[in-house]
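If you want the building blocks of each chain, they are given just below.
Number of protein chains: 2
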Amino acid sequence: MSDIVIATEEELRRLLPLDIEAVEVVEAAFRALAGEGVVMPPVMSMHLPEVNGEVDVKTAYLPGFEGFAIKVSPGFFNNPKIGLPSLNGLMMLFSATTGLAQAVFLDNGYLTDLRTAAAGAVAARHLAPEDVAVAAVLGTGVQARLQMQAVHLVRPYDRAIVWGRDAAKAAACARDIAQATGVEAEVVTDPERAVSQAQLVVTTTPATEPVLRAEWLHKGLHVTAMGSDQAGKSELEPGALAAADLYVADSASQCAALGELRAARAAGLMLQDPIELGAVVAGAAGRTDPRQITICDLTGTGAQDTAIATRALAALRASGGGTRVTS
Amino acid sequence: MSDIVIATEEELRRLLPLDIEAVEVVEAAFRALAGEGVVMPPVMSMHLPEVNGEVDVKTAYLPGFEGFAIKVSPGFFNNPKIGLPSLNGLMMLFSATTGLAQAVFLDNGYLTDLRTAAAGAVAARHLAPEDVAVAAVLGTGVQARLQMQAVHLVRPYDRAIVWGRDAAKAAACARDIAQATGVEAEVVTDPERAVSQAQLVVTTTPATEPVLRAEWLHKGLHVTAMGSDQAGKSELEPGALAAADLYVADSASQCAALGELRAARAAGLMLQDPIELGAVVAGAAGRTDPRQITICDLTGTGAQDTAIATRALAALRASGGGTRVTS
Numbered sequence: 001m002s003d004i005v006i007a008t009e010e011e012l013r014r015l016l017p018l019d020i021e022a023v024e025v026v027e028a029a030f031r032a033l034a035g036e037g038v039v040m041p042p043v044m045s046m047h048l049p050e051v052n053g054e055v056d057v058k059t060a061y062l063p064g065f066e067g068f069a070i071k072v073s074p075g076f077f078n079n080p081k082i083g084l085p086s087l088n089g090l091m092m093l094f095s096a097t098t099g100l101a102q103a104v105f106l107d108n109g110y111l112t113d114l115r116t117a118a119a120g121a122v123a124a125r126h127l128a129p130e131d132v133a134v135a136a137v138l139g140t141g142v143q144a145r146l147q148m149q150a151v152h153l154v155r156p157y158d159r160a161i162v163w164g165r166d167a168a169k170a171a172a173c174a175r176d177i178a179q180a181t182g183v184e185a186e187v188v189t190d191p192e193r194a195v196s197q198a199q200l201v202v203t204t205t206p207a208t209e210p211v212l213r214a215e216w217l218h219k220g221l222h223v224t225a226m227g228s229d230q231a232g233k234s235e236l237e238p239g240a241l242a243a244a245d246l247y248v249a250d251s252a253s254q255c256a257a258l259g260e261l262r263a264a265r266a267a268g269l270m271l272q273d274p275i276e277l278g279a280v281v282a283g284a285a286g287r288t289d290p291r292q293i294t295i296c297d298l299t300g301t302g303a304q305d306t307a308i309a310t311r312a313l314a315a316l317r318a319s320g321g322g323t324r325v326t327s
Numbered sequence: 001m002s003d004i005v006i007a008t009e010e011e012l013r014r015l016l017p018l019d020i021e022a023v024e025v026v027e028a029a030f031r032a033l034a035g036e037g038v039v040m041p042p043v044m045s046m047h048l049p050e051v052n053g054e055v056d057v058k059t060a061y062l063p064g065f066e067g068f069a070i071k072v073s074p075g076f077f078n079n080p081k082i083g084l085p086s087l088n089g090l091m092m093l094f095s096a097t098t099g100l101a102q103a104v105f106l107d108n109g110y111l112t113d114l115r116t117a118a119a120g121a122v123a124a125r126h127l128a129p130e131d132v133a134v135a136a137v138l139g140t141g142v143q144a145r146l147q148m149q150a151v152h153l154v155r156p157y158d159r160a161i162v163w164g165r166d167a168a169k170a171a172a173c174a175r176d177i178a179q180a181t182g183v184e185a186e187v188v189t190d191p192e193r194a195v196s197q198a199q200l201v202v203t204t205t206p207a208t209e210p211v212l213r214a215e216w217l218h219k220g221l222h223v224t225a226m227g228s229d230q231a232g233k234s235e236l237e238p239g240a241l242a243a244a245d246l247y248v249a250d251s252a253s254q255c256a257a258l259g260e261l262r263a264a265r266a267a268g269l270m271l272q273d274p275i276e277l278g279a280v281v282a283g284a285a286g287r288t289d290p291r292q293i294t295i296c297d298l299t300g301t302g303a304q305d306t307a308i309a310t311r312a313l314a315a316l317r318a319s320g321g322g323t324r325v326t327s
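Keeping their order, the protein sequence lines are chains B and D. FYI, the numbering for the first sequence is 1 to 327, going by UniProt numbering. FYI, the numbering for the second sequence is 1 to 327, going by UniProt numbering.
Any given hint might turn out to be false.
Said to hold, decoys possible - List time: in silico DMTMM-like cross-link candidates among lysine to aspartate or glutamate, alpha-carbon distance up to 25 Å:
1. D:K219 / D:D113
2. D:K233 / D:E54
3. D:K81 / D:D56
4. D:K233 / D:E184
5. B:K233 / B:E209
6. D:K81 / B:D289
7. D:K81 / D:E66
8. B:K219 / B:D289
9. D:K81 / B:E209
10. B:K81 / D:D56
11. B:K81 / D:E54
12. D:K169 / D:E186
Since the hints were derived computationally from the structure, they do not count as laboratory data.
Working from the sequences, and respecting the hints, build out all of it.
Quick look at the structure:
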């Protein structure tokens, strides 16, 4: 017997913009991850070759958060043939005190987009140089836009550079970034040119071969790689991880299985346990010198889902929005 | 973007009684489990000692079913102190073709009760002797009632016997079974007396020490043990499994981890791979002689959730019930 609120994507987009509060709550989740009492089981996955689909379920219990999220992320790759997006999904929030369901967010992946971008801002806040004049993004999708918007909240860069394999998509992405942040945004056709000019680079591609080469790294650069979220994907040349002064994982175990760390270890590099973003947020040594080269590997954690779902419920309660169902 | 139907426990109880159709759909799920193309990942579990809680997530993709369920089962054992039940939870159904969410069942565990009882009927249909005059149940909870009701659909016994440690609860349980099935139901104070008179016994207790002893087994008996669903629980003396002519698991891997098989193996027995209920439903050798002793170990599978959720959506569509939300 419980009282549940159901919210649609449209309501969630209206109530929860990508703002500094979204970054703060995701940062709090990373801080909690570094502490005691966290329970974050491995991702539950179903690979469904019969229907060209896959389903991931993530969750995390974080002390200090009054609820825990469970997120279902289906990817069905025949959908575009019938005019549907490949990715969708929903998130639920349960009381961490009673286990009762509190909310179902029919967000079609919006909250995931939001918490993923927010994690990029957390990484930038704790790892990028204090002064970022130029930020670059490799990739032209939804996350290219959102990551650049999120990073701007914590490192208000003056100029954005976009690289993508499709020039028209890169131009559209640059326009959107300029509009969202108010800065000048330009397109380059050579990713090395993007990296060389930037103090902060975000990679947001589904690449299976590296798009960022180790030799392009330069003093005072921070790279956030968020495109790889499954075995088989890789955006950074393995040597880049080894060449950096500091490599940080959102989750050591997930990055070893799904992130850039996987490819690096397959190449015989980076065999020691990496430091995690939560530890850096909680005060462990991050960047200690503006000339250092830092890399943050983001695969996406259930902790971020718990954080953004908690914020979504608070926003719904404050607004009185959503559809209430008693069961 | 999808159109989702939300159903409450009250609607689901009204639309989905425990009837032969519920048994049939769960039987079809077991049949599918024995075939090709099934994807049923291990249960995702969070143990939350800080809040005296646990959360299990189950799912299964079954070829031939147009959707797959994801079920969240929280158990928060401080709840009774504040007047709430320990167990609740919800179930979702997703299209197996597109991955889009189709339904959220705010069932507070009702659909789990239903599919668990239905599995007992499937076990009885394929493993109990053809003629069951007397059926007995050890335990007096919700499943004691539902299992006896479900079994009566496929083995219309004339007399029911109830044993429980609490005489008043046993009497109430017997009354409910008599009312649901129309047969005479009596209470016994000695579980051996229950077992000795019955051709079919269902054990439905949360026992951590066996309640059914091996020496009580007699020719022509079928036992369904459904109480043990986690390591540490056990209803049957390990020797009972070894003494039976046939032992059948709902899922070999789950029974080895969570069911009666776990305790038997801990005692050094039953080390060979057991036959699964799906294989028996699909035609593998089950009971071949009315004098045999058979045991079925039920831990509860994601396949049953997919089955009952599929039926729930069909019932909702046929009735036009539920709350529709477009997102």
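Hint check:
Restraint check for K219 (chain D) and D113 (chain D): the C-alpha separation of about 30 Å exceeds 25 Å, so the hint is violated. Distance hint between K233 (chain D) and E54 (chain D) is fulfilled; the C-alpha atoms sit about 15 Å from each other, no more than 25 Å. The hinted pair formed by K81 (chain D) and D56 (chain D) meets the criterion: a straight-line CA distance of about 22 Å does not exceed 25 Å. Straight-line distance between C-alpha atoms of K233 (chain D) and E184 (chain D) comes to about 31 Å, which puts the hinted pair past the 25 Å bound.
Simply put, K233 (chain B) and E209 (chain B) have alpha-carbon atoms about 7 Å apart, close enough for the 25 Å limit, and the pair holds. Proximity of K81 (chain D) to D289 (chain B) is assessed by CA-CA distance (about 54 Å); at most 25 Å being required, the pair is judged violated. Only pairs whose Cα atoms come within 25 Å are accepted, and K81 (chain D) paired with E66 (chain D) is rejected, the gap being roughly 41 Å. The suggested pairing of K219 (chain B) with D289 (chain B) holds, with an alpha-carbon distance near 10 Å, which does not exceed 25 Å.
Of the supplied pair hints, the one linking K81 (chain D) and E209 (chain B) is violated, its CA atoms being roughly 56 Å apart against a limit of 25 Å. For the hint linking K81 (chain B) to D56 (chain D), the alpha-carbon distance of about 35 Å lies beyond 25 Å, and the restraint is violated. Taking the CA atoms of K81 (chain B) and E54 (chain D), the gap is about 41 Å. The hint is violated against a cut of 25 Å. For the hint pairing K169 (chain D) with E186 (chain D), the CA-to-CA distance comes to about 12 Å; that is within 25 Å, so the pair holds.
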